[in-house]
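Student: As a plain string of letters, each chain reads:
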Amino acid sequence: MLVYLYDTTFDGLLTCVYVHYYRKRADKIYPFQNYQNHILDEAVPVKTSKEKADKVHRAIQKQISRLALKHVYHCYLSNHYEKDTYILKFLELGFKLRSKVDKLHTHPMVHPVVTLANRVSFEVHRFLGLLRFQEVGQGLYAKISPDHDISLLLAEHFVDRIKNEKFIIHDNIRNKAVIYNGKSWVISDFNFPGTLPISEKELLFQQLWKGYFDHIAIQERVNKKLQAQFVPYRYRQNLTEFKKRYPNARH
Amino acid sequence: MKQSILDKLQILADAAKYDVSCASSGLDKRNTGNIGNSSAAGICHTWSYDGRCISLLKILMTNRCIYDCAYCISRASNDISRASFEPEEIAELTIEFYRRNYIEGLFLSSAIEVNPNHTMEKIIKTLHILRVDYQFTGYIHIKAIPGADPQLVKKAGELTDRMSVNIELPTKQSLKLLAPQKSINSLFSPMQQIKEGIKQYRYDSRHIKKVKSFVPAGQSTQMIIGATPDSDLSILHMTEKLYQRFKLKRVYFSAYVPVNKGTHLPALSTAPPLLREHRLYQADWLLRFYGFNADELLNFNQPNFDLDFDPKMMWALKNIEQFPMEINKVPYKELLRIPGIGVRSAQRIMKQRQVSMICYEDLKKMRIPLKRTRFFVTCNGRYYGEKSMEPNVIKKYLKPDPSYEQLTLYTIPQRATT
Numbered sequence: 001m002l003v004y005l006y007d008t009t010f011d012g013l014l015t016c017v018y019v020h021y022y023r024k025r026a027d028k029i030y031p032f033q034n035y036q037n038h039i040l041d042e043a044v045p046v047k048t049s050k051e052k053a054d055k056v057h058r059a060i061q062k063q064i065s066r067l068a069l070k071h072v073y074h075c076y077l078s079n080h081y082e083k084d085t086y087i088l089k090f091l092e093l094g095f096k097l098r099s100k101v102d103k104l105h106t107h108p109m110v111h112p113v114v115t116l117a118n119r120v121s122f123e124v125h126r127f128l129g130l131l132r133f134q135e136v137g138q139g140l141y142a143k144i145s146p147d148h149d150i151s152l153l154l155a156e157h158f159v160d161r162i163k164n165e166k167f168i169i170h171d172n173i174r175n176k177a178v179i180y181n182g183k184s185w186v187i188s189d190f191n192f193p194g195t196l197p198i199s200e201k202e203l204l205f206q207q208l209w210k211g212y213f214d215h216i217a218i219q220e221r222v223n224k225k226l227q228a229q230f231v232p233y234r235y236r237q238n239l240t241e242f243k244k245r246y247p248n249a250r251h
Numbered sequence: 001m002k003q004s005i006l007d008k009l010q011i012l013a014d015a016a017k018y019d020v021s022c023a024s025s026g027l028d029k030r031n032t033g034n035i036g037n038s039s040a041a042g043i044c045h046t047w048s049y050d051g052r053c054i055s056l057l058k059i060l061m062t063n064r065c066i067y068d069c070a071y072c073i074s075r076a077s078n079d080i081s082r083a084s085f086e087p088e089e090i091a092e093l094t095i096e097f098y099r100r101n102y103i104e105g106l107f108l109s110s111a112i113e114v115n116p117n118h119t120m121e122k123i124i125k126t127l128h129i130l131r132v133d134y135q136f137t138g139y140i141h142i143k144a145i146p147g148a149d150p151q152l153v154k155k156a157g158e159l160t161d162r163m164s165v166n167i168e169l170p171t172k173q174s175l176k177l178l179a180p181q182k183s184i185n186s187l188f189s190p191m192q193q194i195k196e197g198i199k200q201y202r203y204d205s206r207h208i209k210k211v212k213s214f215v216p217a218g219q220s221t222q223m224i225i226g227a228t229p230d231s232d233l234s235i236l237h238m239t240e241k242l243y244q245r246f247k248l249k250r251v252y253f254s255a256y257v258p259v260n261k262g263t264h265l266p267a268l269s270t271a272p273p274l275l276r277e278h279r280l281y282q283a284d285w286l287l288r289f290y291g292f293n294a295d296e297l298l299n300f301n302q303p304n305f306d307l308d309f310d311p312k313m314m315w316a317l318k319n320i321e322q323f324p325m326e327i328n329k330v331p332y333k334e335l336l337r338i339p340g341i342g343v344r345s346a347q348r349i350m351k352q353r354q355v356s357m358i359c360y361e362d363l364k365k366m367r368i369p370l371k372r373t374r375f376f377v378t379c380n381g382r383y384y385g386e387k388s389m390e391p392n393v394i395k396k397y398l399k400p401d402p403s404y405e406q407l408t409l410y411t412i413p414q415r416a417t418t
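Which chain is which? The protein sequence lines are S and C, in order. If you count the first sequence from 1, position 211 lands on 211 in this note's numbering, and the numbers rise without skipping. If you count the second sequence from 1, position 351 lands on 351 in this note's numbering, and the numbers rise without skipping.
Because the hints were derived from the structure by calculation, they are not lab data. Possibly wrong hints are sitting among the right ones.
[As the list claims (entries may be wrong)] Have a look at the derived ranges for each label pair, beta carbon to beta carbon:
{"no.": "1", "chain 1": "C", "residue 1": "Lys-371", "chain 2": "S", "residue 2": "Pro-232", "range": "48 to 56 Å"}
{"no.": "2", "chain 1": "C", "residue 1": "Pro-180", "chain 2": "S", "residue 2": "Leu-204", "range": "37 to 45 Å"}
{"no.": "3", "chain 1": "S", "residue 1": "Gln-63", "chain 2": "C", "residue 2": "Glu-386", "range": "46 to 54 Å"}
{"no.": "4", "chain 1": "C", "residue 1": "Ser-356", "chain 2": "S", "residue 2": "Gln-33", "range": "31 to 39 Å"}
{"no.": "5", "chain 1": "C", "residue 1": "Leu-275", "chain 2": "S", "residue 2": "Pro-45", "range": "52 to 60 Å"}
{"no.": "6", "chain 1": "C", "residue 1": "Lys-387", "chain 2": "S", "residue 2": "Arg-23", "range": "36 to 44 Å"}
Yeah, the Cβ is synthetic: ideal placement off N, Cα and C, and Gly gets one too.
Work the whole structure out from these sequences, hints included.
Tutor: In structure tokens form, the structure reads like this:
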């Protein structure tokens with residue numbers, strides 16, 4: 001089987017799609033970091049070309065639809081091992097059927113892409129709420145550990161919301177961060193192994209929040225299973241209200 | 001003794017938690033001030049131990065109350081810790097919580113400390129500090145205090161996004177029994193005023209370039225479930241009336257948690273009727289998004305919902321002659337009436353029908369619960385249910401499993417009670 005490998009960027013993936021049509025049909029696409037070698041595979045690394053990627057980008061928008069482009073991009077951000085192959089199959093069908101493809105929700109070539117894209121969108125929505133800033137010096141710092149690579153999609157919302165603050169949203173798993181200086185934002189590689197210098201004032205507000213959080217629950221209605229559906233345990237490590245360092249915690 | 005902010009916060013959160021509304025939805029707003037925006041879908045920030053979402057900082061201005069409503073934890077005759085916040089304290093707390101992304105906005109309510117006008121003025125002062133001094137453009141929901149001057153309600157409406165008046169009890173009789181100091185008219189008149197204010201604002205904003213907003217995210221209310229013997233039918237009728245007459249955005253239901261002793265109240269050991277509350281919410285959705293009306297769901301012979309089956313299922317079983325429906329043919333409105341098919345699934349079906357036939361496997365991929373739905377649909381003419389379409393037969397298949405219990409080896413002899 002012919003496998004194309006790309007450099008994990010979205011442009012790289014789109015270049016693979018270009019090469020797939022103009023050189024040789026591939027069976028699968030993987031980012032080269034994740035790829036697990038297979039004895040029957042012939043793996044070919046594809047060099048990313050901005051020009052070719054732009055062509056494919058435009059083609060998807062014009063010949064299929066903007067919605068399809070959104071689905072493809074969100075699917076690309078997911079953490080599924082086969083996501084790139086799904087995208088390839090989806091685009092193959094899309095270039096044949098044009099915008100009809102958006103309506104074929106349950107088609108075997110469409111369904112995986114739309115499902116993964118929805119999963120990513122859902123996580124983005126979740127993290128608009130499940131993200132906690134801490135005041136560190138002059139700015140705000142938030143650490144997140146999402147399943148999918150969503151930090152880019154979070155940026156716009158927070159830049160609008162707290163536009164006069166400086167902040168960093170740090171994706172702990174992928175070691176990257178959205179950094180905003182009060183005027184413009186960038187996304188870059190980021191690593192911060194040390195402990196944060198937290199002020200007394202910050203600690204006070206964390207305690208207030210924790211106190212509020214414990215008291216707003218109605219004891220007669222406690223339902224931790226329901227709570228776990230909404231705030232899965234894997235997200236709780238970075239949430240102030242679930243940290244156990246406060247001695248007076250009720251639960 | 002001087003109370004710390006933390007003590008006050010906890011006391012007043014404890015007093016505010018029986019208000020269920022926590023929605024931050026209904027309004028898309030960019031940040032035009034210094035801090036804060038809001039999104040129409042609403043954003044939940046966390047979920048407390050009871051599984052309810054926390055989106056707004058839900059808090060009372062004070063829990064010192066002159067009223068003595070039987071059901072309320074803050075009633076005047078209760079011996080509980082009392083506290084009050086100053087407007088500045090609440091404003092600072094809101095901003096500091098907001099910039100740390102703990103909350104989506106503020107939900108400010110209050111007990112009535114001196115008189116309704118005094119309370120309303122304090123609430124307005126808080127909003128003024130937030131909106132003008134801090135330039136906060138995030139979501140704010142406040143209570144309109146029944147009995148407050150219409151001028152004050154108008155002023156508050158210009159600063160807030162959502163306003164609510166809780167009617168708490170669905171009939172005049174129950175109100176008389178449990179909250180004799182409130183009358184149904186004193187509750188309806190601010191609602192009417194807010195409704196007209198919103199209407200005026202909508203009209204003005206279409207014709208005048210710059211106009212002061214008035215409760216742009218609409219108004220809501222809340223009713224207590226299970227404190228009085230009112231039937232589901234009367235609650236649902238009231239709900240429908242509120243939607244039609246006052247154009248409410250939401251009616252919330254709150255399963256009554258017995259906090260007080262009283263001759264007209266359920267005993268303290270009564271568990272809150274959570275399942276009943278859930279059924280009412282399901283019915284509420286049917287009213288708002290599925291085109292049902294209250295009389296279709298309940299009637300005088302059957303004034304309460306079945307706890308084993310959801311309201312739509314009960315409706316379908318009562319009207320079984322309308323089924324099965326052909327998934328590939330029936331119009332959108334009919335699709336919504338099939339048990340197991342919601343708005344999202346119905347839209348998906350409509351979309352896909354434009355380009356291809358829908359078969360049974362497709363329904364599964366659309367995440368429609370076939371366990372229920374299969375009894376009510378055909379796909380390309382084929383029926384996937386059991387042989388009989390008798391409601392009793394279908395009920396047998398769908399009845400929830402009985403809850404299991406651990407048996408003991410030895411039976412404990414029951415003590416005779418005489």
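Student: For each hint, tell me whether it holds in the structure or not.
Tutor: Outcome of the hint check:
1. Here the CB-CB span from Lys-371 (chain C) to Pro-232 (chain S) is close to 25 Å, at odds with the stated 48 to 56 Å.
2. The given range of 37 to 45 Å is respected by Pro-180 (chain C) and Leu-204 (chain S), whose C-beta atoms sit roughly 43 Å from each other.
3. The supplied range of 46 to 54 Å is met by Gln-63 (chain S) and Glu-386 (chain C), whose beta-carbon atoms lie about 47 Å from each other.
4. Checked against the hint of 31 to 39 Å, the C-beta distance between Ser-356 (chain C) and Gln-33 (chain S) comes to roughly 38 Å, which is consistent with it.
5. Checking the proposed 52 to 60 Å range against Leu-275 (chain C) and Pro-45 (chain S) shows it holds: the Cβ atoms sit about 59 Å from each other.
6. About 58 Å separates the C-beta atoms of Lys-387 (chain C) and Arg-23 (chain S), a value inconsistent with the hinted range of 36 to 44 Å.
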